[in-house]
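Trainee: Single-letter residue listing:
Number of protein chains: 4
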Amino acid sequence: MLEIALIGAGRIGQIHGRNIAAHPGAKLRWVTDVNAEAAGKLASALGAQSGTDARKAIEDPAVKAVAICSSTDTHAEMIELAAKAGKAIFCEKPIDLSLERVDQCLATVRKAGVTMMIGFNRRFDASFAALHEGVRSGKIGKLETLIVTSRDPGPPPIGYIKVSGGLFRDMMIHDFDIVSWILGEMPTEVYATASNLVDPEIGKAGDIDTAMVVLKTKSGAIAQISNSRRAVYGYDQRIEAFGSKGMLQAGNQVANTVTFSGEPGVVGEKPLHFFLERYDAAYRTELQHFIDCVLGKAKPATSIEDGRNALALAEAAVQSLKSGVPVKV
Amino acid sequence: MLEIALIGAGRIGQIHGRNIAAHPGAKLRWVTDVNAEAAGKLASALGAQSGTDARKAIEDPAVKAVAICSSTDTHAEMIELAAKAGKAIFCEKPIDLSLERVDQCLATVRKAGVTMMIGFNRRFDASFAALHEGVRSGKIGKLETLIVTSRDPGPPPIGYIKVSGGLFRDMMIHDFDIVSWILGEMPTEVYATASNLVDPEIGKAGDIDTAMVVLKTKSGAIAQISNSRRAVYGYDQRIEAFGSKGMLQAGNQVANTVTFSGEPGVVGEKPLHFFLERYDAAYRTELQHFIDCVLGKAKPATSIEDGRNALALAEAAVQSLKSGVPVKV
Amino acid sequence: MLEIALIGAGRIGQIHGRNIAAHPGAKLRWVTDVNAEAAGKLASALGAQSGTDARKAIEDPAVKAVAICSSTDTHAEMIELAAKAGKAIFCEKPIDLSLERVDQCLATVRKAGVTMMIGFNRRFDASFAALHEGVRSGKIGKLETLIVTSRDPGPPPIGYIKVSGGLFRDMMIHDFDIVSWILGEMPTEVYATASNLVDPEIGKAGDIDTAMVVLKTKSGAIAQISNSRRAVYGYDQRIEAFGSKGMLQAGNQVANTVTFSGEPGVVGEKPLHFFLERYDAAYRTELQHFIDCVLGKAKPATSIEDGRNALALAEAAVQSLKSGVPVKV
Amino acid sequence: MLEIALIGAGRIGQIHGRNIAAHPGAKLRWVTDVNAEAAGKLASALGAQSGTDARKAIEDPAVKAVAICSSTDTHAEMIELAAKAGKAIFCEKPIDLSLERVDQCLATVRKAGVTMMIGFNRRFDASFAALHEGVRSGKIGKLETLIVTSRDPGPPPIGYIKVSGGLFRDMMIHDFDIVSWILGEMPTEVYATASNLVDPEIGKAGDIDTAMVVLKTKSGAIAQISNSRRAVYGYDQRIEAFGSKGMLQAGNQVANTVTFSGEPGVVGEKPLHFFLERYDAAYRTELQHFIDCVLGKAKPATSIEDGRNALALAEAAVQSLKSGVPVKV
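Chains as they are written, first to last, in my numbering: chain A, 1 to 329; chain B, 1 to 329; chain C, 1 to 329; chain D, 1 to 329.
Hints should not be assumed to be uniformly reliable.
Note that identical chains are pooled: a pair holds if it fits in a single copy or bridges any two copies.
[What the hints assert, rightly or not] Straight line, CA to CA, 27 Å or less: simulated DSS-like cross-link-like pairs of lysine-lysine:
1) K245 x K41
2) K322 x K111
3) K297 x K41
4) K27 x K84
5) K299 x K27
6) K142 x K322
7) K218 x K142
8) K245 x K139
9) K162 x K245
10) K64 x K84
Hints were generated in silico from the structure; no laboratory data involved.
Make a model of the complete structure from these sequences and hints.
Mentor: Have a look at this one:
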């Protein structure tokens with residue numbers, strides 16, 4: 001039984017905590033959070049110990065793996081604590097908002113030789129995984145154009161936006177990872193354009209809420225990502241890959257397959273509301289993969305280098321938006 | 001240039017009249033109708049002569065083919081006039097409401113040796129034709145189950161229902177033809193059940209408006225037809241063919257492919273409203289086929305025997321509904 | 001913590017056993033099976049005791065509820081044992097192949113006053129539940145026509161067919177339940193027709209493999225069920241409800257939403273392969289509902305009367321098929 | 001009866017010629033082409049006079065309108081001839097490859113006060129028109145993101161590519177028009193990136209075959225166009241408009257609605273093969289609109305200014321591709 005410490009009892013921490021507790025091969029030993037009440041409540045529901053001292057949990061000899069779900073600004077420190085304690089690491093994205101800091105972590109983890117995996121949950125979505133497999137297996141021949149659509153149902157609180165690092169580092173970072181993953185190569189040029197259309201408060205906070213990014217690779221493949229912080233019809237997460245032998249499209253998921261034909265037309269369900277619903281199964285698959293990695297049965301599909309690459313693309317997008325011209329990566 | 005006389009200037013007569021006038025290989029020479037004004041108006045718009053005397057038009061030596069679109073009770077007489085005058089015949093369904101009278105017509109047409117085709121327009125619908133071709137070419141192996149859905153957007157006037165011969169002879173006759181055509185064999189047993197749910201006036205007129213019929217063949221294939229005189233979302237015309245190697249489904253057509261994703265869900269267009277819209281292209285293809293038949297380039301895909309068979313199935317359904325038990329054909 | 005005894009460690013027993021073990025409010029105390037090895041293996045994986053003596057498990061005072069997943073011929077006896085021991089009962093369908101025996105059970109359960117629920121899992125499918133809710137809430141006005149399609153990917157072993165009670169009692173019994181549930185009234189007339197098209201061995205065993213049944217209610221609504229023991233494209237489970245204000249359709253589920261556009265056309269995933277995949281979530285919801293019933297939070301959505309009614313319709317279908325005419329219920 | 005001269009008997013000239021000949025309110029009086037045989041063949045089939053002298057046809061007093069379908073390098077001259085002769089003008093896109101020359105034409109046409117319409121056929125497509133109507137009527141609130149996909153089934157001959165003005169002026173010009181039309185405002189910034197992936201010969205001819213362009217407007221709306229000269233599954237023409245209240249998507253059209261469920265999955269038809277099939281109805285609607293404009297019943301939906309604007313965007317894309325940075329319009 002693999003004993004795991006969970007650092008952070010917020011929204012995403014609760015998901016991973018529950019999945020760990022329900023996993024037949026894992027045991028949730030610790031839940032820590034800066035908010036003692038939040039940690040205590042989750043730990044109690046899942047039969048774990050709780051506390052506010054992450055270091056104590058991480059260094060507990062019974063703990064073999066650490067799931068880092070605390071706020072972004074603490075990730076790097078937790079990674080270093082865990083690496084030095086020789087624990088396997090699962091860390092939510094992004095690793096840090098500074099590429100330099102990420103590189104320090106990368107060095108520490110490599111030196112420690114511990115297993116580390118980044119929480120790019122979308123790679124574990126059944127539809128995205130099937131599209132990736134189709135592209136990689138040559139089903140559409142040479143990949144030429146990749147179009148990624150990613151829209152949240154609504155914006156996060158302004159308070160979050162102020163500390164998130166901005167849309168590119170916080171939200172599009174998932175899409176940057178998806179693009180590199182499906183392309184099978186790191187883009188070499190990034191052009192970003194963006195607007196503040198959803199909520200003027202976001203603009204006042206220095207961020208944008210509607211963005212379009214074009215990426216190009218050495219081989220000439222062109223990718224495009226469009227993001228919006230608001231989609232009234234739900235969480236819109238789609239990928240279209242076009243190549244010399246055809247096209248693969250991965251669509252949204254719905255709660256049920258019922259359609260109504262009546263006066264207003266033929267009406268189907270909206271996409272599942274948000275990431276908790278859409279990626280519910282993906283989070284379970286992701287955790288299973290992490291456990292397999294810790295047990296030596298698999299190698300992390302989402303490595304610390306992947307986390308670094310996605311952040312590098314986000315940085316390039318930030319610079320392109322500022323300068324108004326494409327940026328080399 | 002094939003000169004054609006059109007008998008009947010009502011709704012379906014206007015469709016065929018316009019298609020004849022627009023056809024590069026045909027000329028509409030006559031439009032006749034018991035209503036002189038209706039005939040005159042259509043003839044004038046299409047550059048034809050008009051009158052109330054169908055015989056005169058049929059026997060005009062320049063006329064080589066006759067399109068019979070008058071009321072059902074006149075079909076048999078027109079067929080006989082045209083057959084005796086040696087003209088090729090296109091006749092709207094049903095030939096007559098009496099099987100005996102149909103058989104007389106059949107004998108007359110055979111004796112005269114003229115080309116005759118029944119207006120089973122649905123066979124010329126691109127989707128139904130593709131499904132038929134798929135079944136006949138063995139794409140789903142041995143055909144085992146056939147499910148035909150056919151619902152009108154709304155009931156015809158009560159006056160029409162009183163003289164139509166009832167739902168089985170007037171409306172489901174198309175589906176009986178479709179079923180025999182796709183099965184590739186004449187069903188040998190018919191069970192019908194029905195209700196009066198749409199409009200009590202239809203019940204008072206001695207008819208039903210909601211019906212379900214099960215047909216069985218010697219080979220064990222089972223077909224099912226469901227009809228309703230009302231569907232608030234439009235004209236609902238679908239076929240599902242299931243066999244040992246798979247399933248083919250032919251769906252409705254829409255005016256455009258636009259979908260709206262918003263608060264109410266994902267909303268697509270309703271099916272095209274009624275037969276004029278849905279079978280617009282089919283009517284043109286049907287006329288082309290008739291002209292090809294007259295010119296000796298093709299044999300009628302919808303023969304007078306097909307018209308007889310469909311009526312025989314309708315008769316069996318009427319009897320089954322009366323008796324409450326299945327009827328052998 | 002609700003302690004449950006599982007009777008039967010076969011395919012369906014394993015599903016329920018795993019769901020009980022994973023449920024935060026339940027504990028799997030016993031697994032029994034006539035096959036000691038099967039019981040032991042499942043019990044060991046799920047942390048339960050095992051044995052071959054169902055009575056011992058049922059009468060264990062710690063056990064508050066019993067899940068009966070053994071072979072059909074033992075259901076009635078298990079129900080009676082559990083009822084007499086005052087335990088809540090979950091029983092897989094059918095209760096028994098004899099209506100008389102079902103009525104005995106019904107009397108015993110009523111007398112004992114215990115909670116009892118039948119495993120009509122399809123009612124807990126998200127799509128079917130949404131369609132049911134739509135119909136019951138009046139979204140399509142008055143329900144007029146109901147069309148249920150239910151095809152298995154392939155036939156069960158001939159040995160199973162010989163003892164199953166036949167297609168109507170074993171397979172279509174689910175659809176009979178669905179039809180009554182959505183109609184909201186018990187049909188009063190049943191007409192069945194069927195063929196042996198899939199495998200001649202099924203015919204030799206005295207059963208049919210392709211069936212179509214028409215049911216009618218007092219209110220004039222007409223339902224139709226079609227079954228096949230084989231569908232090469234997977235498990236085909238669909239419902240179409242048509243009424244005065246529109247139509248609701250519940251379709252199949254797919255493993256992912258990816259489509260491929262290429263030389264062969266636009267290709268989507270096949271339906272999920274069989275009931276284990278399609279109803280995976282429904283089984284969990286069903287168990288949750290059972291536990292809620294035992295805890296007094298809900299009343300069984302699938303009562304023992306529902307089990308009786310479905311069997312009565314199956315009996316009527318068997319008689320109709322034999323006699324060739326519709327049968328009153 | 002409106003008499004029309006057709007200039008150019010090539011692929012697109014044949015379409016317009018046939019539609020004019022079949023139109024009840026129009027008569028095709030002339031067909032001219034530099035290739036006398038081509039002109040003669042089409043004229044003879046459609047009952048018109050033929051010749052190689054466009055001026056003669058344009059200046060024929062019976063001719064009230066001119067349809068210019070000759071090669072792009074002759075458009076400007078034909079427009080000027082027709083404008084000076086006081087004839088209504090329908091001209092295929094692009095007007096000319098030089099913006100300066102287009103402006104001269106514009107001035108001449110304005111001075112002459114004749115009706116002029118550009119052949120942006122896609123605006124008359126039922127799906128695109130419905131999407132446009134939805135956006136303009138506020139169905140999705142404020143338009144924020146517009147995504148246009150436009151892929152040809154295969155590249156034109158290299159000879160054509162050499163004189164076409166390149167992908168942006170020849171192919172994407174349609175999409176530039178669509179974008180401006182749906183945005184309801186002219187974009188102010190254009191960024192283009194492109195590759196040569198389909199055929200090296202295209203690269204040798206100095207052109208690209210895979211392109212992605214991002215356009216931005218004053219209001220902050222962002223549009224994106226992706227083009228490919230080859231799509232093995234057919235002509236791929238889609239639009240997605242996203243706004244504050246939802247999303248509208250216009251998809252491809254198929255020859256029929258049949259789907260096959262079998263071993264390979266659920267297979268539907270490919271998109272209609274190419275523009276002749278996809279825009280067949282749009283060409284008829286477009287001609288009807290032109291005739292309405294000539295008769296004073298409507299104002300050209302696709303004005304000469306629209307033609308100029310689309311070319312200006314193409315020019316900007318060409319410059320952006322060369323310079324590697326966004327270009328202001």
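Trainee: Are the hints correct? Go through all of them and say.
Mentor: Cross-check of the supplied hints:
no.	hint	verdict
1	K245 x K41	neither (53 Å within a copy, 38 Å between copies)
2	K322 x K111	neither (36 Å within a copy, 46 Å between copies)
3	K297 x K41	between (33 Å within a copy, 24 Å between copies)
4	K27 x K84	within (22 Å within a copy, 39 Å between copies)
5	K299 x K27	within (21 Å within a copy, 35 Å between copies)
6	K142 x K322	between (33 Å within a copy, 25 Å between copies)
7	K218 x K142	within (13 Å within a copy, 37 Å between copies)
8	K245 x K139	both (7 Å within a copy, 24 Å between copies)
9	K162 x K245	between (44 Å within a copy, 26 Å between copies)
10	K64 x K84	within (12 Å within a copy, 50 Å between copies)
The earlier numbered hints that this structure contradicts are 1, 2.
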